[in-house]
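Participant: All chains, full assembly: derive it from the sequences and hints.
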Amino acid sequence: MNLPYILDSSRPKLAAGCRWGGTEESPVVLFPEGAIRVRGTGRKILELCDGTRSFSELVGRLQQLYTNASPSQIREDAALFLQQLHEKRILDY
Amino acid sequence: MIQNPLALIAEITHRCPLHCVYCSNPLQMAAAKSELTSQDWQRVFTESARLNVLHLHLTGGEPLVRTDLAQLIAGAHCVGLYTNLITSGIGLSRARLKDLVDAGLDHVQLSFQDSKPGQANRIAGTKSHAHKVELAGWIREHQIAFTVNLVVHRQNLDHLEEMIAFLESLNPHRIEIAHVQYYGWALKNRSTLMPTRKQIERTVKIVASAQTRLRGKVRIDAVSPDYYARYPKACMGGWGRQSILVNPAGFALPCHAAGVIPGLIFDNVRKRPLEWIWHKSATFQRFRGEAWMPEPCRSCERRTEDFGGCRCQAFLLTGDASATDPVCSLSPTHSLIQETIHNSSVDNGGEEGLINWQYRSNPA
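As they're listed, the protein sequences go chains A and B. Residue numbering for the first sequence follows my numbering, beginning at 1 and increasing consecutively. Residue numbering for the second sequence follows my numbering, beginning at 1001 and increasing consecutively.
By construction, these hints were calculated from the structure, which means they are not laboratory data. For clarity, every value in this text was computed on a predicted model and none was experimentally measured. It is possible that part of the hints are untrue.
Pairwise CB distance ranges, derived in the manner of DEER restraints [unchecked claim]: (1) A/Glu-76 <-> B/Arg-1215: 18 to 26 Å; (2) B/Ile-1002 <-> A/Gly-22: 40 to 48 Å; (3) B/Asp-1221 <-> A/Gly-22: 18 to 26 Å; (4) A/Ser-72 <-> B/Ser-1169: 36 to 44 Å; (5) B/Glu-1134 <-> A/Arg-43: 17 to 25 Å; (6) B/Ala-1291 <-> A/Ser-72: 52 to 60 Å; (7) A/Ser-54 <-> B/Ala-1291: 52 to 60 Å.
Straight-line Cα separation of at most 20 Å, SDA-like style, residue types lysine to any residue; simulated pairs [as the list claims (entries may be wrong)]: (8) B/Lys-1217 <-> A/Gly-34; (9) B/Lys-1198 <-> B/Gln-1071; (10) A/Lys-13 <-> A/Thr-67; (11) B/Lys-1217 <-> A/Gln-84; (12) B/Lys-1217 <-> A/Gln-83; (13) B/Lys-1217 <-> A/Gly-60; (14) B/Lys-1233 <-> B/Leu-1336.
Don't be surprised by glycine CBs; every beta carbon is placed ideally from N, CA and C.
Facilitator: Here you go:
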């Protein structure tokens, strides 16, 4: 089954009632009934989801940061990651 | 090495305006005059944040009965806890809701008994349905997470589609469909509440189709009924592994029902720091790890997944808290469950129970 695809113009942000928590060394995203520990790339992506940046801007920023990965792979991976969080109602766009 | 708890379940009062026949509170409730003060709770919240607890579940009874609820939320928010309010909504006006949100409330879980007012009020033993519907609209005016919780059982499962449609109309972020679990009051009323196998099979299909239909819009979490499962639930994610519950009088328990197990001594947060209770109290260590496990759990490969099931259920049904949860198909006492399920499909639909069922009472 296909997930609803994120658009270039979508501006992802944490959904209502979802927020950062934990500590600087071990940050988590808190949501009803749960929390996810985010590290590395996942953390970077979520930090960019501030509701003002569009998905295409976000991907552009990631492509600048991770020059070793193929730009199309970065886009694909980021889209999948955000869509999964959207489905869990952790992210809105 | 014991991990720190992830969640603090704060039963801030056992008082409640509802009298639901499946209430998860113990039959012996904490009296109003024994309740912890605001200052006590603030200390508990601070201690739990120091233990790296992430979630605070404010529950009861009905937490709104406490007039200091906004103060409690503010205190918990201040030490970084994610605050969940588990409520019937009775006692929540539009203005008070705003106070709670301003205090830092992150999430409201509003419980529903049914989609039909008459049925809902019959389960709750009080008129509460209409207010809940109005309240749902007010909650959506705020930037907080909103879950609606529906408890399902024999008496309402036949119109599950209608109930899901009703919940959907309240525009929540999340719908939680929870089968009654048979402890406390629910166990007293089990013969009236226990669904039939036919109902369960139908339910699974309805929930799956609603999940597909509402994908990306409303998250539906369904808690399956353990009597019909092949293996037991990992109750509380394991005894003393993830959560610590503090009851209205300050006693710390590994779960809602643990008070039924004889011989356990519960330490009180008035006398002991939460950290000591978590790491050192005999009760929290009693069923940790695998040393207590009998066969077939001890050599079972699932023991690290379900931890032998629920200790309270094992005690309530077999008289031995160390027994394998009888829900498990490998348990030597599994026939207790099979018999109950069998009876649910041959009796008259639980109708006579409706006359005799016992409503939850209120503490002194």
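Participant: State for each hint whether it applies.
Facilitator: Status of the hints after comparison with the structure:
no., hint, verdict
1, A/Glu-76 <-> B/Arg-1215: 18 to 26 Å, "20 Å, holds"
2, B/Ile-1002 <-> A/Gly-22: 40 to 48 Å, "19 Å, violated"
3, B/Asp-1221 <-> A/Gly-22: 18 to 26 Å, "23 Å, holds"
4, A/Ser-72 <-> B/Ser-1169: 36 to 44 Å, "42 Å, holds"
5, B/Glu-1134 <-> A/Arg-43: 17 to 25 Å, "40 Å, violated"
6, B/Ala-1291 <-> A/Ser-72: 52 to 60 Å, "53 Å, holds"
7, A/Ser-54 <-> B/Ala-1291: 52 to 60 Å, "55 Å, holds"
8, B/Lys-1217 <-> A/Gly-34, "18 Å, holds"
9, B/Lys-1198 <-> B/Gln-1071, "47 Å, violated"
10, A/Lys-13 <-> A/Thr-67, "25 Å, violated"
11, B/Lys-1217 <-> A/Gln-84, "12 Å, holds"
12, B/Lys-1217 <-> A/Gln-83, "12 Å, holds"
13, B/Lys-1217 <-> A/Gly-60, "28 Å, violated"
14, B/Lys-1233 <-> B/Leu-1336, "17 Å, holds"
The structure fails hints 2, 5, 9, 10 and 13 (numbered hints given earlier, in ascending order).
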